[in-house]
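Could you put the whole structure together from the sequences, leaning on the hints where they help?
Number of protein chains: 2
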Amino acid sequence: MKNFKVKVLPTGMELSVTQGNTLMKALIEAGIYIEGPCGGRGTCGKCKIEVASLDTEITKLEEISNIRGESKLACRLEVDRNMVVVVPQAKVEESRKSLLQTELASYGRQGRLVKFTIIVPVPSLEKPASDQERLWGALHEGISYPMKVEALRILPDMLRKNKHIITVVARKGEVVALEAGDTTLELYGIAFDIGTTTLVGSLINLLTGEVLATQSEGNPQRVYGADVISRISYVDNEDQGLYTLQSKVITALNEIVSKLSEDAGIKKESIYEITIVGNTTMTHLLLGVCPVYLARAPYVPAFKTVADIRAQELGLKINPEGYCVIVPNIAGFVGADTVGVILATGLDKSRELRLAIDIGTNGELVLGSEKGLYACSTAAGPAFEGAQIKFGMRAAPGAIERVDITGDVRLQTINSLPAVGICGSGVIDAVAEMLKAGVIDYTGRITDPEGAIDLPVQIRKRIVPGASGFDFILDYCEGNGLDEDLLITQKDIRELQLAKGAILAGIQVLLEELGVREQDITKILLAGAFGTYIRKESAWRIGLVPNLDLERIRAVGNAAGVGSQLVLISEDARVRAWRIADSVKYIELSARKDFQDKFMEAIYFPQFR
Amino acid sequence: MKNFKVKVLPTGMELSVTQGNTLMKALIEAGIYIEGPCGGRGTCGKCKIEVASLDTEITKLEEISNIRGESKLACRLEVDRNMVVVVPQAKVEESRKSLLQTELASYGRQGRLVKFTIIVPVPSLEKPASDQERLWGALHEGISYPMKVEALRILPDMLRKNKHIITVVARKGEVVALEAGDTTLELYGIAFDIGTTTLVGSLINLLTGEVLATQSEGNPQRVYGADVISRISYVDNEDQGLYTLQSKVITALNEIVSKLSEDAGIKKESIYEITIVGNTTMTHLLLGVCPVYLARAPYVPAFKTVADIRAQELGLKINPEGYCVIVPNIAGFVGADTVGVILATGLDKSRELRLAIDIGTNGELVLGSEKGLYACSTAAGPAFEGAQIKFGMRAAPGAIERVDITGDVRLQTINSLPAVGICGSGVIDAVAEMLKAGVIDYTGRITDPEGAIDLPVQIRKRIVPGASGFDFILDYCEGNGLDEDLLITQKDIRELQLAKGAILAGIQVLLEELGVREQDITKILLAGAFGTYIRKESAWRIGLVPNLDLERIRAVGNAAGVGSQLVLISEDARVRAWRIADSVKYIELSARKDFQDKFMEAIYFPQFR
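If you read the sequences in order, they're chains A and B.
Our numbering puts the first residue of the first sequence at 804, with every later residue one more than the last.
Our numbering puts the first residue of the second sequence at 804, with every later residue one more than the last.
No lab work stands behind these hints: they were computed from the structure.
Glycine included, each C-beta is placed from N, C-alpha and C at the ideal position.
Don't take every hint at face value.
Unchecked claim - Label pairs and their in silico Cβ distance ranges:
| hint | chain 1 | residue 1 | chain 2 | residue 2 | range |
| --- | --- | --- | --- | --- | --- |
| 1 | B | Thr1325 | A | Thr987 | 54 to 60 Å |
| 2 | A | Asp985 | B | Glu977 | 35 to 41 Å |
| 3 | A | Tyr1046 | B | Trp1381 | 37 to 43 Å |
| 4 | B | Ala1100 | A | Phe919 | 27 to 33 Å |
| 5 | B | Gly1318 | A | Gly945 | 37 to 43 Å |
| 6 | B | Gln1115 | A | Thr920 | 45 to 51 Å |
| 7 | A | Leu1220 | B | Gly940 | 52 to 58 Å |
See the structure below:
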């Protein structure tokens, strides 16, 4: 797949976007919030932007008025060339107000890394101090330097070949590297989010905090198992399994590093730090730490935190003196990615009660405020990612992502291609609409068309006998390239019920732990790509979330990734992340007798929404 | 060469001795002081010990009285088999009183390393803390553990396969390694002294402070140059020179590690720390740090101190989590070995004024007391090591080591073999005796035999015309296997004058810096193997040392090596070593105009001794 550059004005941010993605998706992934109440269906017109080819010489804020581009809807614009887009000032302002951007903006440049040049005095017979001592004497106050052997090896020649001018790279007040001459303007880092399915990396200029480029790739471990449990089994059963999975992900991260540095036109040696968020299994695999006990009761991880690691030691190809910061995890199934979500959404600093739902391959829930947070994990994911659904598929071109049932069924697919399957948000939409239309009742049973005389005839025709009860035809095979009708089966609905039931029951356990009621929740934050694409009305209708005003529900995009960025640019954020990992109370649902009861009730759909 | 085991009772110490060495030499090298006023000539009889073959089952102190060995003189006993020797109690007591032993004994077990077992609680669904957190909870107070990835990799299985019992290895209050089961009794370290010519390593039980075995080997870098300057040239001129010299010494250190662990019957993995002393060039080469600027004015080293290094990083094969502590150096030509000498002789704590002279391949001088120390280095070494002397050789079998001239010349060679050359202490002895006998005058000129009517005829016959003036026949070729007479040439005497003149002038500069007189020196300590074998009367007679009562001159053996041992067993000693390196004032002689004047005067021999 080809990648194109998209320069976003007036921020100046440069994105790298894979061919075929919509501009809206790219902007959201890069953390730029762009309003789209219609859910990206091209109907509300609110995401209108200006676009021009990249050869248009527009680089500065002042020149925006000169742009003579076309006016387009970001949600409909497929990126098929290098381009400059102008996201009108008002919307950028609004984006700054978005939860994640506010967090990111609230941290200035308080990073761990600084660079400065020094001039080291020349030695003399009268003052024959060692190179090291003269260097120490020239260092800024408060900077210590327990010099490593590597630095001693390069120091003598470096001093003498560069007129005794060198650049010092210091990390947390300690020198980590010396460079010849003045390289102070080159200081970069990469924030990674290692998902079970997708790896995302953002290259950040550590001098300005600016995100210069973002790249994502599929997690190559996928071929060894779609979810964490199957990957753990692989490690358990294969001799070199752990090594294989570790080297796969490291190779992929290195590819992202290469692409990012190419995109931004910088040297890999100018990248000095990497931050990592990911679920607990992903961080275990990345470090080559055996994850098998995560899958056996009592499901404990090997570690919660790990000291900063030389990137080199992990085989990550950035500056040889660079470090890798692994954000700590909370528990076996609530990982560093959840810490990232909490960090980015500010749950730990919020005065009001908030609920964050991060649905990836697993579903992690966090409830609370500055007074305390509770978290749990539910095995909810696969159904939402299209797994275990008869026609389920990933959110790829041709996947049904929206369903409307009024009179007849209307579908929307990714890139408007003929439907080839249905992705997670499509399943939720389909079931919500089927519920609303009366195709299924609150127990989840698809109505027998014989007795369903209230249903429009076009709808009734779509209800057909299936393996267990009835199935519902979303798309007839004549309309697409498939050999059979594209169905939502009774079994699919049961899968969805199990998944959403687990999440709702988890929420109820957390509410009970905190001693609060549903209505006390002031905001429900849907994190992750899934949370971004889901139609919140549909999530509400099927009872995936408590019965609150829709205004209180908000999609926040890739919050885990933003958390990783925060830890990268700010030492304060890092300290906060460690505090979060230490203080969040983890609730192991399988250890609670009341969970099963709550779950049994929660698998039904709400009756009166 | 074969090595034999020598078990020393009542200390229980086990030495590894190379075939052909005398027992006395082995004892002295191992730090056991044994009296020998005759200088090892077998005449005073004070070094008498009991010896039996090792198969004699004597292992405990109480059984000493049972030994029925032979009575031998340690100075005459060549080690040619495994043996048990009993050094009578009185002499061991005395040995404890020796300067170095006192220092070694004054440090208890205050090492950096401790081992203890812990039982880590088993996790449960109710308390599903990570392996790491449960381990942390089980650690002793005051022990922190920023766990490294390596430890995380082994922890999960180690816990579960060893009933949750593990041994913790902590260093400076921080855990460095975890081991399965209880290994608390296995805790060893090796103190190295990396000399330009010889490498010495002592294996120490870190639980008891006991020296279990000592091994020495030639420094394999010798083939690339006998002294530091020629090795630096090699690095400067050869592409891979630095790498070659570094890997040579590391290979040799690893061989010593292997032999020591074999000798003592312990696993290399039970060795957790290595300490290193050596001159500045040797430590630069060991670390692979370019030493070329040491040989160019203003002769500055790259470093003074270096943070502790993972032994693995240097390729040293001990426990993979083990560390290597490099004792800091003072200046370009006053290295960590001198810090070791100061540490072992307690110069920095002495109330009275002391002078330490460490003559190895270079000659380092330290003068002072607890109020302050001054140090300098003189290029004195090679003559004392037999280099640049016509028949000079290392202290190997067949080397003349003692010379007496009364009536005629009497020689003593190492192992009493026919003379093949003369070693450093032999040269000093020869010149001192020639001075005393009147063969040379105070200017160093060998007397014309024509006018020397006061000399015995046997002596006059030995004075023969040479390349410059006259030479002196020490040994006629008929008496040994050589093709020519073994001479001390006029040029040899000039070489010795330059060497001893440099040392004496250096001492005078130090005296002047401190504002004290020769007579204020209460003790002159001769360190290094050379200092042990030199006849102090001879050193005094040729004016190598100031004109003080002989009682004030004392040989202290391998003080640098003992310093390395002190740093190994005691954190306090290490702190002291760092303080010494920081506080000793280094005098660069080449920067002082008065040095040349003092040197010109000091090359004459004393007229009235």
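Against the structure, the hints:
Remark: the range hint 54 to 60 Å for threonine 1325(B) to threonine 987(A) is upheld by a beta-carbon distance near 56 Å. For aspartate 985(A) and glutamate 977(B), the Cβ-Cβ distance of about 37 Å falls inside the hinted range of 35 to 41 Å, so the restraint holds. Our hint of 37 to 43 Å for tyrosine 1046(A) and tryptophan 1381(B) holds, since their Cβ atoms are close to 41 Å apart. In this structure the supplied range 27 to 33 Å holds for alanine 1100(B) paired with phenylalanine 919(A), their Cβ-Cβ distance being about 30 Å.
One distance hint, 37 to 43 Å for the beta-carbon pair glycine 1318(B) and glycine 945(A), holds here, with the actual separation near 39 Å. At about 34 Å, the CB distance of glutamine 1115(B) to threonine 920(A) disagrees with the hint of 45 to 51 Å. Taking 52 to 58 Å as the suggested C-beta distance range, the pair leucine 1220(A) and glycine 940(B) conforms, at roughly 56 Å.
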